[in-house]
Amino acid sequence: MSQTPPHAFAATAGDTPGTHEGNRHGSLRGYLVGYGVAVLLTIGAFVAARTSALTPSSVTAAITVLAIAQMLVHLIFFLHISTSPNQRTNILAFAVALLIVAMIVAGSLWIMSHLDSNMMPMGPNGQSMQMQP
Amino acid sequence: MNQSVLAVSNLPASDAAAAERRGVTGFGFYLYLLSDCIVFATLFAAFAVLHRSVADGPSGQQLFDLRNAFIETAFLLTSSVTCGIAMLASDRRDSRAAFGALAVTFVLGLAFLALELKEFAHMVADGAGPDRSAFLSSFFTLVGTHGLHVTAGLVWLLVIVVQLRSKGFSEGVVRRMFCFSLFWHVIDVVWIAVFSFVYLIGSAS
Chain A
1 MSQTPPHAFA ATAGDTPGTH EGNRHGSLRG YLVGYGVAVL LTIGAFVAAR
51 TSALTPSSVT AAITVLAIAQ MLVHLIFFLH ISTSPNQRTN ILAFAVALLI
101 VAMIVAGSLW IMSHLDSNMM PMGPNGQSMQ MQP
Chain B
1001 MNQSVLAVSN LPASDAAAAE RRGVTGFGFY LYLLSDCIVF ATLFAAFAVL
1051 HRSVADGPSG QQLFDLRNAF IETAFLLTSS VTCGIAMLAS DRRDSRAAFG
1101 ALAVTFVLGL AFLALELKEF AHMVADGAGP DRSAFLSSFF TLVGTHGLHV
1151 TAGLVWLLVI VVQLRSKGFS EGVVRRMFCF SLFWHVIDVV WIAVFSFVYL
1201 IGSAS
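Just so you know, the sequences run in chain order A and B. Residues in the first sequence are numbered from 1 upward in steps of one, following the numbering used here. Residues in the second sequence are numbered from 1001 upward in steps of one, following the numbering used here.
Since the hints were made in silico from the structure, they are not lab data. Nothing here was measured: the structure is a model prediction, and the numbers come from that model. Using N, Cα and C, we set each Cβ at its ideal position, and we do this for glycine too. Mixed in with the good hints, there may be bad ones.
Rough simulated footprint, nothing fancy, chain A against chain B, three-plus residues with beta-carbon under 8 angstroms [unchecked claim]:
id, stretch
1, 1045-1057
2, 1072-1086
3, 1127-1136
4, 1180-1189
Same shape as in the complex, but just chain B (with noise of 0.2 angstroms):
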């Protein structure tokens, strides 16, 4: 008891600087999360708009596949659970956990990503692309634009890995893992609207 008291009392000056400064580049990264957000926000708010507006095209009811989006939805949910399993590691600095459930994070993510590119092809050869209907653009560039986050996020996993495994914990390394964590929780809740909004409610009605 003495002793952590100790150790946290006798920390250098520049773990305090660092963890300030992770504090900080925390929130600043939030902010841009709650900026996304809103961009999702204008791009749900067209396609609500014009979902109705099929131009005698296919609806979403006769488009949609709730098989592949439960899917789509179980590997997104399961992935943000192992990207907090992975930084649960890297609090405990344990990087052969971290290196596991990052990988686990990237495989989902990349499955989801492959089920999406696949249904976005089949839509396409079927007539029913993006210039079909303005239905159909609002859907692509909705989900389009989510896809895009997805891909980045995947990228930028890939960097992490890359980084953890030349630099080991570092500081920087700490704090990019803990911003991408929270870019793909975020990425998650938006495909929550996107499933229920899009998907469930659109081929229901």
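Chain A with its partners taken away, still in its complex shape (with noise of 0.2 angstroms):
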């Protein structure tokens, strides 16, 4: 029990996302922390879609580890979602929004791709596609 503000939330409440187990908005440090990570990783994208010395398929598989890692940086240092059992409540209702997304994303992505293949007149290149006899 040491100098709990007196605004402190209840510790049987739960944790309200944003802030930090009784600590309301983390620290300056955490936020210089995560500030500094997400810069280099800010830096690493630009300079990987500048680079010619990768592939254009390699080129777009870092820019996406590395957008999915800055996500996460500030998910974690500004957001200050974390794996404590307190924000079980906010993981939940988290996991289930990203999901939404990646059905959302990836189905959209799968079924037009299909679409394409099997009913567009023309292919990728302008030849038209030969229908099997």
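Join these two chains into a complex; the hints should help.
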């Protein structure tokens, strides 16, 4: 029980998203560490996009990995999402949202690529697709 | 030590109720933000499907200026940190630091918006407006929706600054500042996806 601020939440209420266990909004150090890591990841992504040392598909993969890493950094250091038991409801809601996002994006790409290859009269290079007799 | 325990146990009932209200509001607002992410997911999905449908118009590779995107990213990322610093100041009930950090947040957000609008104006002037191709329609919808969120956040920030000035750190103002900081951080997370998947991958491939 050291220095509990008078407006701290009751421990049983669970942590509100964006706050840190009892610590309210974390510390300046946390924000600065997150800022530093995020800056490095951003610069890494822009360098990866500019470089000619990688093949296009590995550039795409590298940018995707860096983007996901940076989003995690933001969630942990700025939004203070953590796996502490106080945050179980927050994590659950987040996981459901993530599932819906994945279904929307991956599902759209999947369905549209199938539609594209099954129904378009022209192939990607402009030649007409032959129907099987 | 004893005193701080006493202070907690002697909490007026209204303070405890206010803290609980902030917790409930915060959670509800968090759910709204997650649903907002789903809105953005649909726009990202549309962009991913349509980004090659340039209709013989300009492609992302020809249009996107990565230097501009990098400066925009720097502005928004830094404003996210200054917004967090404003929240730390509000925890300490330090109004000078809070005003300063909120002012920097506002200026950086405004600078981001100005760069984005300048880019849009350039593209429209060059005949690459949202009516040019499916790719550009989805680009303007996605990036424009993000820009609208930033605009709404800036208006909200102004309201908070005015309220902070007139009411000080009242329960309602602190709660609104807290929801605003969540909103602003999430806008920044969405921007990570925008600059990575729209600008960087769009200009690389």
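Here's how the hints hold up against the structure:
With a cut-off of 8 angstroms between beta carbons, the stretch 1045-1057 of chain B has 4 residues touching chain A; three or more are needed, and the interface restraint holds. Coverage of a stretch by a chain is defined here by at least three residues with a beta carbon nearer than 8 angstroms to that chain's beta carbons; for the stretch 1072-1086 of chain B and chain A the count is 8, and the condition holds. Look at the stretch 1127-1136 of chain B against chain A: 0 of its residues bring a Cβ nearer than 8 angstroms to a Cβ of that chain, fewer than three, so the hint is violated. Closer than 8 angstroms: that is the beta-carbon criterion, and the stretch 1180-1189 of chain B has 6 residues meeting it against chain A, so the requirement of 3 holds.
Violation of the numbered hints given earlier is confined to hint 3; every other hint is satisfied by the structure.
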